[in-house]
Amino acid sequence: MTIAIMENLIGEFGAAIGIPDLGTDEDNRCNLMFDDVAVSFELANGGESLFMYSLLGSVPDRDADSFHTAMLHANHLLAATRGSTLSVDAQNNDAVLIREELLESLRLPRLESIVEDFVNIAELWMEHLAAGVVESPAEPQTSEAVLPDGGMLRV
457 MTIAIMENLI GEFGAAIGIP DLGTDEDNRC NLMFDDVAVS FELANGGESL FMYSLLGSVP
517 DRDADSFHTA MLHANHLLAA TRGSTLSVDA QNNDAVLIRE ELLESLRLPR LESIVEDFVN
577 IAELWMEHLA AGVVESPAEP QTSEAVLPDG GMLRV
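To convert, take the position in the sequence shown, counting from 1, and add 456; that gives the numbering used here.
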């Protein structure tokens, strides 16, 4: 059932962005490019959640501690990440942006808004990584709430 919900949502999203035949692969994953940002969508938590994630680039060798501190600062209350979470893939030393949304309550207008915020945050961090800057980038300007699920933090 949850696979069907994700398939339907991805199909609606594809139609909204001009890809009417968008769907998931055999691993229930969908990969899209938004300008230079690759975003993957997949089922998680036994099919109850939709994960979105994007590889941002390698953690800088120089000032890695400062970069990690900047990521933690951006994650604080999810305000500077607009509800997403910055992390590090320790195996490859890559910075990753990830977001989890409960699938059953996710509808197209919310997904469109979430993806837009997600891509904007990913672009900012990718630009910073490419430039070798270790502090947090300026937050994108938007008028919508910064926390997921109507301002409530999930714990």
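For the record, the hints were derived by calculation from the structure and aren't laboratory data.
Since the model is a prediction, treat every value here as computed from it, not as a measurement.
Ideal placement from N, C-alpha and C gives every residue a C-beta, glycine not left out.
Each hint should be verified, as a subset may be incorrect.
Stated by the list, open to error - Taking CB as the label site, the calculated pair distances span:
{"no.": "1", "residue 1": "Thr-541", "residue 2": "Ile-459", "range": "19 to 27 Å"}
{"no.": "2", "residue 1": "Asp-477", "residue 2": "Leu-533", "range": "37 to 45 Å"}
{"no.": "3", "residue 1": "Arg-566", "residue 2": "Ala-460", "range": "17 to 25 Å"}
Discussion item. Check the structure against each numbered hint from earlier and tell me which ones fail, lowest number first.
Written reply: none
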